[in-house]
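Those protein sequence lines, which keep their order, are chains E and Y. 1 is the number of the first residue of the first sequence in the working numbering; add one for each residue after it. 281 is the number of the first residue of the second sequence in the working numbering; add one for each residue after it.
Just to be clear, a hint being listed does not mean it is correct.
Here are the simulated DSS-like cross-link-like pairs (lysine-lysine), alpha carbons at most 30 angstroms apart as the crow flies [unchecked claim]:
| hint | chain 1 | residue 1 | chain 2 | residue 2 |
| --- | --- | --- | --- | --- |
| 1 | Y | K691 | E | K189 |
| 2 | E | K172 | E | K189 |
| 3 | E | K155 | Y | K691 |
| 4 | E | K189 | Y | K689 |
| 5 | E | K128 | E | K171 |
Facing chain Y, according to a computed beta carbon distance under 7 angstroms, are these residues of chain E, among others [claimed, not checked]:
| hint | residue |
| --- | --- |
| 6 | D196 |
| 7 | G230 |
| 8 | P232 |
| 9 | V235 |
| 10 | S248 |
| 11 | N250 |
Derived from the structure by calculation, the hints contain no laboratory data. Predicted, not measured: the structure shown is a model, and the values here were computed from it. Ideal Cβ placement from N, Cα and C applies to all residues, glycine included.
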Amino acid sequence: MKILFKQLFLIAFTIVLFSACSEDDDPKITVDISDLELLHEEVTDTDLIVQVYSNEQAFSGYNQLYFLLKKASDNMLIENATITIMPMMDMTEHSHSAPTIQPYVSEERRGLQQGAVIFTMPSGDMGKWTLSVKVAGLENGQEIAFDFEVPVISKEATYQAQDVKYQTLFKKVINNQRYFFAYHLPEGKPAIGVNDFEVYVYKQLDMMTYEAVDGLTISIEPEMPSMGHGSPNNVDPIGKGNGRYAGSVNFSMSGDWAIWLTIAQGGEVVLTDAAFYLEF
Amino acid sequence: MIISPRHSLVPGKIKSKVMRYSYIILIILISAARVVAQTAEQEQGYLKTMHLDEIQIYVGKDTAADHAIHDQQFVAVEQILEKNSSINLVRRGNFAMEPMINGMSGGQINLTIDGMKLFGACTDRMDPVSAYVETVNMEKLEVTTGAEGSKHGSTVGGSVNLRLKQPEMRVNKSLKGAAGLNYQSISQGYNAFYNLDYSSNNLGLRYSGVYRHHGIYKDGHHQEVNFSQYEKMNHALNGNYRLAEDKKLIFGFIWDDAWDIGYPALPMDVAFAKARIYKLGFEQENLSEQWKKLNIMAYGNNITHEMDDSQRDVIIRMDMPGWSNTYGLNMDTDWKLGSHFLKARTEFFRNDVRAEMTMYPNEGVSMFMLTWPDAVRTAGGLFLQDRIPFGRWIWSNSLRVDVAHNEIKSKIGMAQLEVLDYEYDGSDVRTALNFSSTLMVPAGQYWQAEFTGAYAERFPTVTEQFGFFLFNSQDGYDYVGDPSLDNEKAWQFTSGLYLKKDGFQVNFKAFGYYFKGYIVGRVDETIDAMTLGARGVKVYENLSHAWVTGLNSDWTVKVTDNIVYNGVAEYTLGELKGGDKLPMLVPLGLTNVLMYKYKTFGAEVGYEFVDGRDQENKWSGEMPSDDYHVFNAKVVYQQLLGEYAIKWQLGIDNIFDVAYRHPLDWGGILRPGRSVNIGVSCHF
């Protein structure tokens, strides 16, 4: 009996030692992919794995994307490659791209690169979205490229959002140019309390080219559509360059929220009576 | 005994208000004074001559046919409390009315059970502590006004301690009991009670139970008052175990469940309210020549309260459950040092509260928030009282110091406070000081005067500090707390004049409180209300000053050996800074009871007058009310059958079917119309 205990103890001890070691040595452990959804994994024949993540299922609007590169053989992270992405909507008569922020090394999530795509419409019978990914700057000057389909949903589908005033993305033609307005919560998901809140504005130059729009004045007012009340102490987004406007929005309770927008350009209101809609 | 006239006055403190609902009191005409005085002596021991500033309402014996002809067990605790001239009830339904002392309520007063701290789990104050105990559990109700009530916690308004009945320990083993049932026509309601007392040399056990079931009642216009029903059950087990001549263990457990409680004055009802209350204590007497008594008690209570509107016609269904758990330790000691009589209490407690609101729209996602954000208060307090007799004068001083640590435990709670832009780091520590000094001066053979000066302080409540969009249906505003709120403070002056001569007794008390940092909600137009239909949002703040003053008086006249007349009068007046009237003040109220007793037959007629309120405080949602006159009557006959005493009781409340409401009643809801009550009980 005693010997058995001794053996058990030794086995347990060894397991503890080993698990401690492997955790310390494993480069995977330094990558923060908590709460992310895997959109795609590409395994190349050149010993490379590329993983693409998002905060949630891709939807028409601003989608933060995360890219993880590692060697298939030893799981070693590759952190300094150059990634270029290109979304494409293939429709029967024509194709178009979408506003894109090219990946860069993420400050919030260790070991990842982050970029973004504002999908300008959901996938459907009209066509489907693909994302082309190019990776350069690898060892030996190696480059790889692949593409994959991204199913993009429409999040407006539920009850209050059937009102066209509630959207996750607004498109509007201003001075003969097509503008896109999308929101983003940098903390990932909405929560009760103070939420960082960003608005991204782009205009379409041609089917493949989009340009960030700066110099707008944005004011916001949150409301719970089913209740008719708002929340206090919100901060209007202020232009930070590259089409990004940062402020904060307060959700005093969970449920359905609409963030009413008034956007002006050079003193002229270009978007009003419109609200970003979200539920949590 | 010269300066204890108020003992004998106590049983006469009756307001006929109470009788509207039933059967309190046919009081004790002949031997009441004697009986109460005796009980007091047992209670107070060596301090029996000095018990002036605490008013005690004895609930009366219920085990034998000793003296009591009335069965108060049919009546709720708060309705007996209301007999006290300084107590009024805030009424939102036909159940769980909230006691108020001299116009002060909620966090301004202490409501304790045997010195145990309990905090209601309802964010809308629909479950005052007194709703979780029953009259059959009670020995007596101890009422103290102002800072003098700080024995049970720092307070500006006073305290009500509900003293549980402990079983006796007699040398001869005995088993006693009682059971009773009564019917109330106005609500087709039943009240039933029973109790069983076992007594032996070293063990005493008392088990009691109550069941109440009331439908909706009709008011004086014969209109049904919807959502006025309720149902409840209470079981209590209390015991003493004698360890040695001077040492005993004391324990108690109360199980109280109420359900399907309607609140006609509110937009929501209560699906259930549950309390589990338990305690274990050790008591030792005469530890030394100086050290007279030691009492250590550990206690806990767990309260769950579920508000919902499933019975109401609403656009969006809503649930508002609340939880309150308290655990504490009290140590009481009594000393006699030279001519000083000292009492000291040390106490610690921890109270955790959480309340949620979830709304369910017909379509779409449900909505959720925390209305009490997992707030935890851990507090310690020290109370000291010193009474010094100077000849026939007595000078009494009391001091209390409290330290409390408040903390928000949940992330959501903290996030909600951020929404309101509060810079609160999640916890705060605060202290409160209460001091009171009383001089009791006998004047001549029959008169006695009493003067009190006090400084009082109390902590803000969880609602006042952390409440999140709590709807108040009286003024139609959502209320939001402020974590940085200061304590409410008050300077208090009270004087009393008491006369006792032969069969004539009068008590007269005048008080004036000057508040600093009076806590009140002020409209904040920058915040949107959350509740559908709410008028706006009020945030609690410390108002620089406010004052309240009032008179309480009661009197008893023994007209003949068989007839006693008793009366109670009260009046309060108060203003906030800026001249607004203080909300929830009682206009002139007058209660008269005429009692007749002959052998085992008793009869009683009550008359209550309350003046109307025309100068209501409009921003607090008060409504004007008319004055009213209400009459009640009852007869009781006690039949002795060997060991058994059977009491037959018949009463009519609101004889003239007056349609009326008290100025403190919420929502313009009228009180019950004429009700016939029939009851019978058996005691052995």
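Status of each hint after checking the structure:
For the hint pairing Y/K691 with E/K189, the CA-to-CA distance comes to about 15 angstroms; that is within 30 angstroms, so the pair holds. Distance restraint check for E/K172 and E/K189: the Cα-Cα separation of roughly 26 angstroms lies within the 30 angstroms cut-off, and the hinted pair is therefore satisfied. With a CA separation close to 27 angstroms, the supplied pair E/K155 and Y/K691 stays within the 30 angstroms bound. Straight-line distance between C-alpha atoms of E/K189 and Y/K689 comes to about 22 angstroms, which keeps the hinted pair within the 30 angstroms bound.
The suggested pairing of E/K128 with E/K171 holds, with an alpha-carbon distance near 19 angstroms, which does not exceed 30 angstroms. Checking E/D196 against chain Y: minimum C-beta separation of about 12 angstroms lies over 7 angstroms; hint violated. For E/G230, the shortest C-beta to C-beta distance to chain Y is roughly 5 angstroms, which falls under 7 angstroms, so the interface hint holds. Proximity of E/P232 to chain Y holds as hinted, the smallest CB-CB distance being about 5 angstroms (cut-off 7 angstroms).
A cut of 7 angstroms between beta carbons decides the hint on E/V235: the least distance to chain Y is about 10 angstroms, and the hint is violated. Taking 7 angstroms as the C-beta contact cut-off toward chain Y, the hint placing E/S248 at the interface is violated, the least distance being around 10 angstroms. Residue-level restraint check for E/N250 holds (minimum Cβ-Cβ distance to chain Y is 4 angstroms; threshold 7 angstroms).
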